[in-house]
Amino acid sequence: MQFLKLILRNALRHRLRTALTLLGLVVAILSFGLLQTVVDAWYAGAAGAAPTRLVTRNAVSLVFHLPLSYRDQIRAVDGVRAVSHATWFAGIYQDPKNFFPQFAIDPRTYFAMYPEYLVATPEFTAFLRDRKGAVIGRKIADTYRLNIGDALPLRGTIYPGTWEFTVRAIYDGIDTKTDTSQMFFHWEYLNEIMKRRAGRQTDQVGVYLVDVTDIDRVAEVSRAIDAVFKNSLAETLTETERAFQIGFVKQTEALVIAIRIVSYVVIVIILAVMANTMAMTARERLSEYATLKVLGFSPVYIAALIVGESVAIAVIGATIGIALTFPVSNWFAAKVGTLFPVFEVSGETVALQILCALGVGVIAAAVPGQRAATVKIVEGLRTIG
Amino acid sequence: MDTRTAPPLISIRNLAKSYRRGGQIVPVLTDITLEVRAGDFLGLMGPSGSGKSTLLNLIAGIDKPDAGEILFDGVDITRLSETELADWRAGTVGFIFQFYNLIPVLTAFENVELPLTLTRLTRRERREHVEAALELVGLSDRVTHYPSELSGGQQQRVAIARAIIADPRLIVADEPTGDLDRHSAEEVLTLMDRLNTDLGKTIVMVTHDRRAADQAHAIMYLDKGELSTAADVHEQSLR
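Going line by line, the protein sequences match chains L and D. This note's numbering numbers the first residue of the first sequence as 913 and each following residue consecutively. This note's numbering numbers the first residue of the second sequence as 5 and each following residue consecutively.
The hints are simulated quantities; they were obtained by calculation from the structure and are not laboratory data. Do not take every clue at face value.
Stated by the list, open to error - Below, a list of computed lysine-lysine pairs in the DSBU-like style, where the Cα atoms sit at most 35 Å apart:
#1 L:K1288 with L:K1009
#2 D:K228 with L:K1288
#3 L:K1162 with L:K1089
#4 D:K228 with D:K68
#5 L:K1162 with L:K1247
#6 L:K1089 with L:K1247
#7 L:K1247 with L:K1288
#8 D:K68 with L:K917
#9 D:K68 with L:K1288
To be verified - Partial pick of chain D residues on the chain L-facing surface, computed with a CB cut under 10 Å:
#10 P11
#11 F99
#12 L110
Don't be surprised by glycine CBs; every beta carbon is placed ideally from N, CA and C.
Using the sequences provided together with the hints, build the complete structure.
In structure tokens form, the structure reads like this:
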């Protein structure tokens, strides 16, 4: 008890110094948590990918589409359970900054393949009945205050003109990690309009989504699909949904790496600040530590007092920082709207925050603790605190 | 007990200690031989830098000599390891410093209790001991006060209570009245005299203060690293 009492009272001895160090820790732990969450958000798509789902795209580039006729050929490949397709639309809702992904899909097969998107049956039926109907994620509905029956006009960029949709269903995620910032509408509607216009980009889809019967056959089925279309006009590249998503992240990987480095630099900076604080603290109290040694306390006890104080400050700072990470990340997520499909502080991030705080606490006190533990008693008694 | 016939509690033989200053070795103590009997109250006097505090530190086991031996009740403490010395100090020596050396974040009660936290005493037993020690030094009404809330004399009395709390056989005091006014100094010296006469504690005290030294049964002088008695000093002054 005396040990803990000493640690806590010592920690509160220079209140301003401790308060400023705590403030630095809170800001550092909070920043670290936020930056790590941004990195996690970047990989959210890959994290949510199902292991048995494959994506088949044009081998040359995603820009080039695949013929609709491939659907039946893919379905015929041994090991394929279901096939669906999705086409990137890239429309603008009111303002270019209001970004959210839009896909033209085959509704029945698509939603059957993505059970993580939960749509109420009456709403889904209404969507199926309306060729101009759209299903939007809960996040879009909340961000843009859209309800069932509302008009949702998009200005096309790949597909020119204004496209009128009506919100017929709002889907929720099966868990908080599910992306609810997407919009889906009938591929038939897109294809029909494109046929009416010029006949270009018709009967084509962006990518095929393939559900494999057995997770152990994923690689084999991928190769088999690509083999079917080898030497055709549109050769395919089939990969797992996860690899497909990571491919997107890799395009901006330098940025992600930079964010990750900055998050650790913040920790190194607070480590330096904390080490300086503990060095000053231990130096000022050298005569007290010498007195404790005179009374019979061991060098290990002295070192533990300093490390304990440092860890106590770090833990208090981390607790406040972690507690603030949640509301601040919610505020940040609301500010950036649908930019990040999933923006959630993960358990891993919290564990890293705790680990960093403990690391800062221990490392910052290592040198002052070692010095106080090993300094000769007579030298310690001579110092003036 | 007649201290003149008691066996020596501390026997110091051929003790030497030097410090290294700027690459030079400066001898502080040379060939010191001294005996302190159980129940003695020995005063150590001498000019600044004469090695009084160094000798006191060596007797108390908080510094190591370059040569010689210090036998405490037959045990050569110069041969003990740091851990053994720490245990020995905790059970055998009580310390009184010039500037009290109390822990500022602990109350008078907690400061006195500190040495007892190293023992196996229960919380209740510790409380009883601390209350008795603080009563002995006349500070029963100051138990919850922090050092900053006490006068210099009161702080030194708390330090004395801390020094005797573990019932040590030896008390070492380094200029215990050096930072006190006359009245407080007298209180402290009276208290030390009681520790010696009533409780039978052996005391070795370093002081510059002649009045403080007069409380001691014997006075030794240290000058240029050499020890002499009052008679030697008198003889030298006559020459």
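Here is what the structure says about each hint:
{"no.": "1", "hint": "L:K1288 with L:K1009", "verdict": "violated, 66 Å"}
{"no.": "2", "hint": "D:K228 with L:K1288", "verdict": "holds, 24 Å"}
{"no.": "3", "hint": "L:K1162 with L:K1089", "verdict": "holds, 21 Å"}
{"no.": "4", "hint": "D:K228 with D:K68", "verdict": "holds, 19 Å"}
{"no.": "5", "hint": "L:K1162 with L:K1247", "verdict": "holds, 25 Å"}
{"no.": "6", "hint": "L:K1089 with L:K1247", "verdict": "holds, 19 Å"}
{"no.": "7", "hint": "L:K1247 with L:K1288", "verdict": "violated, 57 Å"}
{"no.": "8", "hint": "D:K68 with L:K917", "verdict": "holds, 32 Å"}
{"no.": "9", "hint": "D:K68 with L:K1288", "verdict": "holds, 10 Å"}
{"no.": "10", "hint": "P11", "verdict": "violated, 26 Å"}
{"no.": "11", "hint": "F99", "verdict": "holds, 5 Å"}
{"no.": "12", "hint": "L110", "verdict": "holds, 7 Å"}
When held up to the earlier numbered hints, the structure conflicts with 1, 7 and 10 and fits the remainder.
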